[in-house]
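Asks: One letter stands for each residue in the lines below.
Protein chains: 2
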Amino acid sequence: MAEFPWRADQARRAARARVQLTRDEIVRTALRIVREEGVEGVSMRRVAAEFRTGPSSLYAHVANKDELLRLMFDEICGEIRIPTEIDPARWKEQVKELARESRRVLLTYNDLAGTAMAGVPTGPNALRSSEAMLSMMMAGGVPVEQAAWALDRIFLYLAADAMEFAMWKRSIRESGETPEHFIQGVREDLASYYAQLSPEDLPNLRKNAEAMVSGDNGLRFEFGLDLLVDGLDRYLG
Amino acid sequence: MAEFPWRADQARRAARARVQLTRDEIVRTALRIVREEGVEGVSMRRVAAEFRTGPSSLYAHVANKDELLRLMFDEICGEIRIPTEIDPARWKEQVKELARESRRVLLTYNDLAGTAMAGVPTGPNALRSSEAMLSMMMAGGVPVEQAAWALDRIFLYLAADAMEFAMWKRSIRESGETPEHFIQGVREDLASYYAQLSPEDLPNLRKNAEAMVSGDNGLRFEFGLDLLVDGLDRYLG
DNA sequence: TTCTAATAGCGAACAGTGTTCAGCGTCAAC
DNA sequence: GTTGACGCTGAACACTGTTCGCTATTAGAA
Numbered sequence: 007m008a009e010f011p012w013r014a015d016q017a018r019r020a021a022r023a024r025v026q027l028t029r030d031e032i033v034r035t036a037l038r039i040v041r042e043e044g045v046e047g048v049s050m051r052r053v054a055a056e057f058r059t060g061p062s063s064l065y066a067h068v069a070n071k072d073e074l075l076r077l078m079f080d081e082i083c084g085e086i087r088i089p090t091e092i093d094p095a096r097w098k099e100q101v102k103e104l105a106r107e108s109r110r111v112l113l114t115y116n117d118l119a120g121t122a123m124a125g126v127p128t129g130p131n132a133l134r135s136s137e138a139m140l141s142m143m144m145a146g147g148v149p150v151e152q153a154a155w156a157l158d159r160i161f162l163y164l165a166a167d168a169m170e171f172a173m174w175k176r177s178i179r180e181s182g183e184t185p186e187h188f189i190q191g192v193r194e195d196l197a198s199y200y201a202q203l204s205p206e207d208l209p210n211l212r213k214n215a216e217a218m219v220s221g222d223n224g225l226r227f228e229f230g231l232d233l234l235v236d237g238l239d240r241y242l243g
Numbered sequence: 007m008a009e010f011p012w013r014a015d016q017a018r019r020a021a022r023a024r025v026q027l028t029r030d031e032i033v034r035t036a037l038r039i040v041r042e043e044g045v046e047g048v049s050m051r052r053v054a055a056e057f058r059t060g061p062s063s064l065y066a067h068v069a070n071k072d073e074l075l076r077l078m079f080d081e082i083c084g085e086i087r088i089p090t091e092i093d094p095a096r097w098k099e100q101v102k103e104l105a106r107e108s109r110r111v112l113l114t115y116n117d118l119a120g121t122a123m124a125g126v127p128t129g130p131n132a133l134r135s136s137e138a139m140l141s142m143m144m145a146g147g148v149p150v151e152q153a154a155w156a157l158d159r160i161f162l163y164l165a166a167d168a169m170e171f172a173m174w175k176r177s178i179r180e181s182g183e184t185p186e187h188f189i190q191g192v193r194e195d196l197a198s199y200y201a202q203l204s205p206e207d208l209p210n211l212r213k214n215a216e217a218m219v220s221g222d223n224g225l226r227f228e229f230g231l232d233l234l235v236d237g238l239d240r241y242l243g
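Taken in sequence, the protein lines are chains A and B. My numbering puts the last residue of the first sequence at 243; the count rises by one with no breaks. My numbering puts the last residue of the second sequence at 243; the count rises by one with no breaks.
Only true hints are included.
Identical chains share a label here; the pair holds if one copy fits it or two copies do between them.
The calculated BS3-like cross-link candidates involving lysine-lysine, where the alpha carbons are at most 25 angstroms apart (straight line), are:
{"hint": "1", "residue 1": "K213", "residue 2": "K98"}
{"hint": "2", "residue 1": "K71", "residue 2": "K175"}
{"hint": "3", "residue 1": "K102", "residue 2": "K213"}
{"hint": "4", "residue 1": "K175", "residue 2": "K102"}
Hints in this document: simulated from the structure, not taken from any laboratory.
Turn these sequences into a full structure, and let the hints guide you.
Replies: Next up, the structure:
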């Protein structure tokens with residue numbers, strides 16, 4: 007290196023260019039990490055290391071880790087596919103479909119959804135989703151206030167479900183077993199634990215151990231979504 | 007001290023006795039901290055410092071921080087007051103009442119509820135609450151599987167709501183302002199932000215800015231709870 | 001009473017974390 | 001050519017959870 011300063015200079019310039027820090031690049035890199043390891047894996051050092059530099063270099067582009075997480079969250083909200091036209095007749099199915107699509111995206115990025123619980127997401131992409139869901143409900147005849155609150159509750163539900171799912175994924179990953187085998191094992195353990203409870207104090211849990219552990223995360227999500235969305239019927243004009 | 011070894015010895019023994027470490031004492035102390043500062047404030051060093059010792063001393067009574075948090079969570083579940091008798095005729099109101107009571111307790115301990123999202127709570131006190139709510143729904147005629155899933159969804163909703171509320175509380179505390187003033191300020195900021203959005207891209211959010219920021223956390227919680235519980239009607243008999 | 005085995009508790013250390021800050025080298029404008 | 005600005009960086013600070021020997025005390029046996 008030092009023997010060929012002209013080349014070294016060129017190489018350094020190239021290296022610098024290759025490694026040029028940008029807000030977008032930082033967010034993109036952090037998103038790759040969160041997709042693979044969850045929020046836990048996203049440390050300023052870890053992100054910076056991907057650019058072969060130290061953590062302090064990031065602070066020129068991002069105020070702090072919290073801002074980075076919020077930028078990341080809004081970025082993934084941009085991945086939510088939003089229907090081009092809303093159909094008042096199918097408003098409930100459209101709301102559910104958008105919720106499922108949102109869930110699909112959130113689950114892809116593990117527990118990043120927890121960021122949304124730290125405050126109302128106001129990024130442009132998050133607003134696009136909110137606007138879409140609000141429009142659907144209002145088109146269906148839900149009064150504005152109820153629509154606004156339902157929107158709030160559904161997004162809270164989405165975030166919570168994503169968090170729970172991320173915990174499962176993390177447990178599975180750490181166990182090293184196959185997902186099916188691991189889930190089956192936990193289900194059996196839990197069922198036998200419930201079945202072993204005191205018949206006097208906890209009769210219903212004991213008796214219905216199988217029901218308590220039935221259904222996967224997807225089915226339970228759908229169950230809760232139905233309650234939240236279908237229940238809006240009562241507010242219709 | 008060193009000049010009067012016999013006295014020092016006595017004092018040390020007294021200090022040791024006064025400061026005797028117990029699982030329960032550790033959990034109690036950690037709960038006091040989480041009540042005042044949230045989970046963020048609960049570090050092994052911080053808890054140990056309350057006993058005038060180092061963090062390693064705790065590991066004789068608690069496997070790790072995760073176990074400590076789980077013990078703490080089950081402990082607060084013991085604070086949830088459960089009705090002595092269930093009334094099938096009032097099953098929906100009883101379920102809601104238990105949910106409100108649970109919320110009251112969870113909110114007291116800031117974001118400790120997040121622990122529950124890391125896995126199915128299986129502690130004795132958590133089971134007592136589950137048994138109670140399950141009994142109420144089954145007494146009301148909800149089929150077991152739907153009751154079990156509803157229980158799951160309601161607890162997830164409770165945890166999420168508590169997390170969101172804890173974030174608010176933290177923001178308020180950090181702002182130094184009075185809660186009323188702070189909330190009013192955020193509401194106005196948010197409303198004017200919505201009102202400023204693009205009329206072409208986000209017409210509904212813009213138009214209904216006031217509805218978007220209306221209602222406090224309690225009202226929104228009640229709104230979501232109604233949807234979740236009342237929606238169970240459809241599964242009756 | 002004396003000796004021994006067990007054990008609770010503890011200090012120090014390790015590998016991490018977010019964040020700050022003085023100073024570096026480079027590059028653009030004058 | 002010089003200077004000013006600015007992106008960038010290494011080092012440091014005050015933390016975090018957890019582990020590992022060692023010490024001091026205690027309980028039980030002889």
